[in-house]
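Engineer: If you want the building blocks of each chain, they are given just below.
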Amino acid sequence: DAGVIQSPRHEVTEMGQEVTLRCKPISGHNSLFWYRQTMMRGLELLIYFNNNVPIDDSGMPEDRFSAKMPNASFSTLKIQPSEPRDSAVYFCASTLTSGGAIGELFFGEGSRLTVL
Amino acid sequence: DAKTTQPNSMESNEEEPVHLPCNHSTISGTDYIHWYRQLPSQGPEYVIHGLTSNVNNRMASLAIAEDRKSSTLILHRATLRDAAVYYCILRRTGTASKLTFGTGTRLQVTL
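Chains A and B, in that order, give the protein sequences. So the first sequence is numbered by the numbering used here: it starts at 1 and just counts up by one. So the second sequence is numbered by the numbering used here: it starts at 1 and just counts up by one.
Keep in mind the hints are simulated off the structure, nothing from the lab. Remember, predicted model here, so these are calculated numbers, not experimental data. A few of these clues could be false.
Calculated from the model, a selection of chain B residues having no Cβ within reach of chain A, i.e. all distances over 12 Å [stated by the list, open to error]:
no.: 1; residue: P7
no.: 2; residue: E11
no.: 3; residue: P17
no.: 4; residue: N56
no.: 5; residue: E66
no.: 6; residue: H76
no.: 7; residue: R81
no.: 8; residue: V85
no.: 9; residue: R91
Just so you have them, the derived chain B footprint on chain A, three or more residues with Cβ under 8 Å [stated by the list, open to error]:
no.: 10; region: 45-56
no.: 11; region: 107-115
Pair by pair, the computed Cβ-Cβ distance ranges are [to be verified]:
no.: 12; chain 1: A; residue 1: M40; chain 2: B; residue 2: E66; range: 31 to 41 Å
no.: 13; chain 1: B; residue 1: A2; chain 2: A; residue 2: Q17; range: 34 to 44 Å
no.: 14; chain 1: A; residue 1: E18; chain 2: B; residue 2: T110; range: 39 to 49 Å
Every residue, glycine too, gets a C-beta built ideally from N, C-alpha and C.
Let the hints inform the model, and build the full structure from the sequences given.
Structural biologist: Following this line, the structure appears as structure tokens:
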């Protein structure tokens, strides 16, 4: 199994530009999570999907952030316009949710974003 | 969600056992205790979880206090590759609950 695949691994952009991060979950998993990690705030849950439907987006910082999951094998996290404070490592994780209970989360290697 | 408290950092010598404590005094009856770890420059990875009884797997053991208000992750023989941040997390069953990470314990392993 290839695991959770994220792209790009590294992105450097200028303030004001649009950033799109991509995630391919493990085949067969029905829940997908986006996390952000910074030194100051640690690991923060941004949003999670179950069966391609957003369940909780209360962690999304503001309207500049949006996430989609058009099908079971692909999700995007978009930041428009990007700001320097968005610089962080963004992790995607997936799992199989059954009967409302969430199993072990499998994380990708992360996308390191630097906004200048 | 019930909170957990962990020491910020711990040190261990290689080849020795490591006991990583976690306090969760407000745990509810339906909360599972999960442990994840994050190696440098990697995403978190699952280690072990349990509800009431002690648990063992190939990576570690989890010892849960009888009143469930604390637990201990045991690495039987620490290696340099075990140097990581270890997170103790409570997960409520029966709901599509979030996995909320705290600050964890940074484990240093020395020769």
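Engineer: Failing hints, ascending?
Structural biologist: 8, 9
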